[in-house]
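Colleague: Sequence:
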Amino acid sequence: IEGLRKAAKDKDNIFLATDPDREGEAISWHLRNLLEKKKRNIYRIVFHEITKSAIQEAIKHPGDIDIKKVDAQQARRILDRLVGYSISPLLWRKVGRGLSAGRVQSVAVRMIVDRENKIRAFVSKEYWDIEAELTKKTSLDFARDRENKENSFIAKLDKIDGKKAELENKKQTEDIVIELKNEKYIVSDTKKKEKRKNAQPPFTTSKLQQEAFYKLRFSASKTMRVAQQLYEGLELGEEGNVGLITYMRTDAVRVSKESLEAVRHYVDSKYGKEYLPDVPNKFKDKKRIQDAHEAIRPALPLREPESIRAYLSEDQLKLYTLIWNRFVSSQMAPAVFSLVSVEIKAGRFIFKAQGSQQIFAGFSIIYQESEEKNDDKDDSENILPPLEVKEELDLIKLSPNQHFTKPPARFSDASLVKALEEYGIGRPSTYAPIIMTVVARNYVKRKEGYFHPSELGMVVTDLLMKSFPTILDLEFTAKMENELDEIEEGKEKKISVLKRFYGPFEKELAHAKDNMRKVKGETVKTSDICEKCGKPLVIKWGRLGRFLSCSDFPTCRFAKPIPSGIECPEPSCGGMLIERRSKRGRHFYGCSNYPKCRHISRRLPSPKE
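Its first residue numbered 110, the sequence shown is counted upward by one per residue in my numbering.
Because the hints were derived from the structure by calculation, they are not lab data.
Using N, Cα and C, we set each Cβ at its ideal position, and we do this for glycine too.
Hints may contain errors.
Computed list of lysine to any residue pairs in SDA-like fashion (alpha-carbon distance at most 20 Å, straight line) [what the hints assert, rightly or not]:
hint, residue 1, residue 2
1, Lys331, Leu421
2, Lys306, Asn390
3, Lys304, Ile492
4, Lys300, Phe458
5, Lys272, Asp238
6, Lys527, Met545
7, Lys234, Gln511
8, Lys395, Ala528
9, Lys161, Asp128
10, Lys669, Gly630
11, Lys588, Asp189
12, Lys290, Lys461
13, Lys272, Pro509
14, Lys461, Glu275
Now the in silico label distances, taken between C-beta atoms and shown as ranges [stated by the list, open to error]:
hint, residue 1, residue 2, range
15, Gly271, Glu501, 20 to 28 Å
16, Tyr559, Ala116, 41 to 49 Å
17, Arg114, Tyr559, 44 to 52 Å
18, Glu235, Asn307, 37 to 45 Å
19, Arg626, Lys306, 49 to 57 Å
20, Asp377, Glu415, 13 to 21 Å
21, Glu423, Ile269, 48 to 56 Å
22, Asp298, Lys395, 34 to 42 Å
Please take these sequences and the hints and turn them into a complete structure.
Modeller: Set out below in structure tokens:
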């Protein structure tokens, strides 16, 4: 602050160019209050890309501080502090020192805990399907067709006696297979249609984090860290420092007229008119978006990733390429597919086969959106030969397949960000910090890319759900986010929103102080003996979860982690693996005989391993 005051001392005009969001607006407001004096002009300027032209244009059209945006930021900060500063000390008394609760972070942990409870309660059910490999009767050499499968395809049993096929066990399935071996397979219906798949809009913050996870395996925090570097600018040789992308905290999909014209010109010259839509692709923003942001796009659309490869780190190049490809593809023609659906009658059974063939690549020539991993087979990849109604087919083989229903998947960075956005919890600037916080607080562990609630996270969530059901309610949290938006839009007053929140919260807090279960004092006796004084060890709760402590505490302060029950794999060691945390908050498993044995592993091996 003192440096800014010194730099501004003799200046008549000051331009405040902090980030174009609530936090940035509040910073500008504070700076104006610090720097304000008579006969000095202080302007607020906003731009969404750090380029010479964008900054010059912003200076030509200076504005004033948006006080409604500042009010929204202050209301958000006060709400967060009311919750955090009130509940966190309560957790220190009831569970262990160093714990925290947050208006949004605790809801995110609740979502992860709820998913874990569903997974644990899930009862898998067996089911079967039957696939028939069929071939056209077009060759005199059936044995050759069977060998090279040039006219064969896969169809799946769809109906039995006109009803949806539901095969529950092996015996039922095998009986049907026996019956099917004696049936004739005749094409009963064919449908063919053309499907157009439209280009996706350029990135919002949420979509960038999701796609960077799927395509690059970047965590949400890493994505935002690298995006910040690209936004702030990098040295590009003689050009100097150049901002490469627009502001990366946004929920808008709109882009500037200039960038739209530039990218359409690029598509036309690079790929030809068939890849360029007659009119620009338009994408609809959500009903309520923050600020006048653009989508995340290259600051200069014509700057191809390869042209700046030499100046970027590997991660910077990967993310810039992802953003660039998505933006360019957003103004390209649809991909076109030919979809074929065939029904085959075999006595009282109906089989169905589906196939898809790309006719025109369109936007997919440079970009295809990712999805969560799916182990199920994709029928669209099944290429079908030309088939006619009443055509008889030859059966090559029948394949009965056993399956089991699967529980819902645990959240990844991508799916958690998607869920937060869908529920209306948090905003573009908060998705990554939410995830970082719940992991750092040891409420959640990231294992092989997926979030598992820790024992501590499950206990704290249970306590908060019982004492603060409103705070942990997803709909209530989303409603509060909407009310903050309404303050920014001038539809609500800061004080009114805070008053409505604090009344009920104060009552819940008072009740919790007297009635919340005190986990901190609970101990569980064990048969283990203290290595220091020889007295029994007990299990206690702390800020990192359960641990072993001497029963003679505080006279004896011996404590150690609870062993995992898995022996150290090092030969002749005899120690047990113990969960530990690095200085950076990452979980790993080390040997209980440390420092004699320095074995570490990122995951806990199974007993067989």
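Colleague: Assess, step by step, whether the Cα of Lys290 is no farther than 20 Å from the Cα of Lys461, and give holds or violated.
Modeller: holds (17 Å)
Colleague: For a C-alpha distance cap of 20 Å, please report whether Lys161 and Asp128 respect it.
Modeller: Between Lys161 and Asp128 the Cα gap is close to 16 Å, so the pair holds against 20 Å.
Colleague: Sort out whether Asp189 lies within 20 Å of Lys588, counting only the CA atoms.
Modeller: Roughly 14 Å separates the two Cα atoms, so the pair holds.
Colleague: So the hint says 34 to 42 Å: do the beta-carbon atoms of Asp298 and Lys395 match that?
Modeller: holds (41 Å)
Colleague: For the pair supplied as a hint, Lys272 and Asp238, confirm whether the alpha-carbon distance does not exceed 20 Å.
Modeller: The given pair, whose Cα atoms are some 14 Å apart, holds under the 20 Å limit.
Colleague: State, for the Cβ atoms of Glu423 and Ile269, whether the hinted interval 48 to 56 Å holds or is violated.
Modeller: holds (54 Å)
Colleague: Regarding Arg626 and Lys306, is the given constraint of 49 to 57 Å on their beta-carbon distance met?
Modeller: The hinted range 49 to 57 Å holds for Arg626 and Lys306, with Cβ atoms some 53 Å apart.
Colleague: Would the hint linking Lys300 and Phe458 be met if the CA-CA limit is 20 Å?
Modeller: holds (19 Å)
Colleague: Need the status of pair Lys304, Ile492: alpha-carbon distance at most 20 Å?
Modeller: Holds, at roughly 16 Å.
Colleague: When you take the CB atoms of Arg114 and Tyr559, is the distance between them in 44 to 52 Å?
Modeller: The hinted range 44 to 52 Å holds for Arg114 and Tyr559, with Cβ atoms some 49 Å apart.
Colleague: Within 20 to 28 Å: is that where the Cβ-Cβ distance between Gly271 and Glu501 falls?
Modeller: holds (22 Å)
Colleague: Do the Cβ positions of Tyr559 and Ala116 conform to the proposed distance bound of 41 to 49 Å?
Modeller: Holds, at about 48 Å.
Hint compliance for this structure: every hint is met.
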